[in-house]
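Protein chains in written order, with our numbering: chain A, 1 to 663; chain B, 1 to 273.
No wet-lab data here; the hints were simulated from the structure. In this text the structure is predicted, and so the values were computed from the model without any measurement. There could be a bad hint or two in this list.
Stated by the list, open to error - Cross-link-like lysine to any residue pairs, in silico, SDA-like; alpha carbons within 20 Å at most:
no., chain 1, residue 1, chain 2, residue 2
1, A, Lys387, A, Asp427
2, B, Lys77, A, Glu464
3, B, Lys77, A, Ser467
4, B, Lys139, B, Arg198
5, B, Lys162, A, Arg649
6, B, Lys35, B, Gln55
7, B, Lys155, A, Trp103
8, B, Lys175, A, His340
9, B, Lys162, A, Ser467
10, B, Lys273, B, Ala244
11, A, Lys112, B, Pro170
12, B, Lys175, A, Gly134
13, B, Lys162, A, Glu464
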Amino acid sequence: MKIVYTDVLVIGGGLAGLRLAIGAKRRGHEALILSLVPPKRSHSAAAQGGMQASLANVIKGQGDNEDVHFEDTVRGSDWGADQKVVRMFVNTAPKAVRELAAWGVPWSRVRKGDRQVVINGQKVTITERDAAQGLIAQRDFGGTKKWRTCYVSDGTGHAMLQTMSDQAIGAAIPVHERTEAIALIHDAGRCYGAIVRNLITGELVAYVAKATAIASGGAGRVYRVTSNAVICEGIGSALALETGIATLGNMEAVQFHPTTIFPAGILVTEGCRGDGGLLKDVDGHRFMPDYEPEKKELASRDVVSRRMEEHIAKGKGAKNRFGEHLWLDITLLGEQHIKHSLREVYEICNYFLGVDPVKDWIPVRPAQHYTMGGVRTNHTGESPTLKGLFAAGEASCWDMHGFNRLGGNSVAETVVAGMIVSEYIADFCDRIENDIDIPTSLVHEFLRREQAKVDTLLGGHGTEDASAIKARMQDVMTAKVGIFRRGADLQAAVDELQQLLVKSRNIGLHDRSRGANPELVTAYRVQKMLKVALCIAYGALTRTESRGAHYRQDFPRRDDVEWLKRTLAFWKGEGDTLPSLAWEALDIGAMELPPGWRGYGAKDYIDNPETPKRAAEIADLKTKMNGASRFALQQALMPYDELLPASFRGRNERIDEPLEATP
Amino acid sequence: MNDVTIKIIPAPTTVKAGAGAQSTAGPNGDAILRKLTISVLRYNPQEPSVAPHMQSYHLEEAVGMTLFIALNEIREKQDPSLQFDFVCRAGICGSCAMVINGRPTLACRTLTKNLGTEITLAPLPFFELIGDLSVNTGKWMRGMSERLRGWLHMKDPNPDLKRMEERMDPEVAEKIYELDRCIECGCCVAACGTARMRKDFVGAVGMNRVARFRLDPRDTRSDQDYYDVIGDDDGIFGCMSLLACDDVCPKDLPLATQIAFMRRKMVKMAWAK
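Just chain A, same shape as in the assembly:
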């Protein structure tokens, strides 16, 4: 039996996992990363448009600060987010961008003076301040009041990942590439590491650690049509779920991105619309202002995606041999801008569509894009039910996105959560009582159990085809658990997914080799993916309201009386075919921003009687504190400072908000 020991085992080598490992290492703990692929190939690299942080350097960002970012994020989440976590996030995001600037990210910078931009379809000249020269630039994104999205051309995620991965190499953090965690080792409510399969040799190895962190990204590939990379299969979430102890939060909250190229589903960044691109229909009509006069193309993603599908349903989609789609027109941005600031978009259109976006419109349609749900954690990133298990980034439900994530808040979360959670992991490892003393017999038992599962697949007499089950699951999810959801469809989806799960326990393989064996990988992964898919579909069936990206045609209103709560999914018995659900209420009385209209999308919702009470309390407090600083007011409304690690507390300097000379 081979056992590898480390202090911190990080599952996933994307931005969140790398930052976790660097943070733990800086605090003196050995960290080791498991990654399916070389870290620089992680899906973080696909984030094109940017990272939100309220630096307020550009003139269109003037007046931006943590308060505005907080409100945008909470409204975007349709009040599903944990507001204290949002506060922790918005206060750390500027520090994260600045840390990355020091570590090597070549952020696009502000040039002082006049420049021409496109706003609401019109060319406008704006003038950047002299004081902003050379500082990090921001662009516009959906669902934001200010220009807040920091960027590196349209390769932001790529550039961030290069720097983060380079710094991990500089810190001599080992990355075991082409390895895959297939089960967590745990006993009596304590996580001790993972059983890991080497994807080249097929060998199973036990990794034992004081703290285990899941940073494996989202689960987009449970859908047929998704912008996600092929490795985003939700396996990290499934590992937590399969312990029967850790829970997944809000799995029904799935985001569909408005602009993926049709039909391949490859993302073209929200920056296209942020920089002034327009959505048009079969007649060349710009239709978004008809639906969303306030924010138009730049309403939140859930709203824009729904409006697009609604417009197609009205017969306004353009048609090609693959079906119906709409157009994204960025021609008005001009060749210079497209070839510099939207260069990846230019390449993608050119290679995959044979379209030149300088001259032609881009065929787009919404596709699955982001998993708001994930491993439920408390504000420290630790599972409230399984001690020693942490999660960060898209794999987690921390929960700063609620039912809809804003563009630019995901790469921001990876790094911010990586910073904050790594400090808490280090604190956890520092405490003597968290030293581990598990017997190797326990480790051996987990190893034997997992080896037996692999052996059954390789040597058994199953008859079901793994690829066929996976394809059917993806079709069911896309057809019945998509942008528009209905009870009958969701029930049908849950029923069929359960049947598929039963079938997946009887998979037979054509290829029985023990080493690299893609069919074997599909076989054991699809069993896990189906559990994740069932958490999504069953959660969506149970939630009889519409909130953020979860839209029920049969329950079109947001219901703050019944559903201002987070769904928790457990997988209790290995032979179960459905998760057990529980709910965690959100406390309006503690909210800094009580529920209301988002500023875009539906204005009709069922109000909770607690909401006006809390709103009155807040109004009262604001009157009493008239003249107090925004910091004092915030502190009075919803204190959160003590939730942050000490090293990340404190204000953020801006051109218009200088820090005092002495701290």
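Place chain B on chain A using the hints.
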């Protein structure tokens, strides 16, 4: 609100977008779908008893088919044991570089319609073979980065994060990003003549990394430091200027210029000694 005017603004491609939807959206135009033969160089080092051999697969071309789609179809329907790597399938992660009809490039964004009906695929040479079309570029890239100390060497590893960031000339930032666009796919090394002869050659990818940090005012290193890592025949002086790297780079990085520039700088260091 003056959105009404939107209709009047002449969109340059309205006619084309409406009438020509089929040809703009379907990358395959109206071509008749063909029968393809994809021949793959197969070898699994885990099963050394089976000698390397070519294996042919036949499949029908589909509209907009890329090699990502074709290879997955083969694996799902014909041969579950076929090994290859894809991650982003959008041309941005660098996982899927392979030799396609004799030329290293990214498979995911290669449309079959741009190739003949007989397509030959082989793994990238030079890198450790994992099996069939899958090679261990990640392991090599990490080793290269460690040798070249390929990370920004910061002035202050603990900057005050509450303070405003250091300023940078916008043009310098753009130039750095230009070199930072490398996706470490390995095409440049696979196409390199020197790499054939020198197993420790750092390749264009390595020299480009060094050039990137040299350009970055935030990095504290001097030319002497860079000379220490690339000032030999496994580095800048090993390059024979065949420049296949520049030809095959899927990201169109200015590799020829960067190598020439770095060589001039490093020659200067050599003379100074």
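| request: Could you work out which earlier hints the structure fails to respect and list their numbers in ascending sequence? | output: 9, 10 and 13
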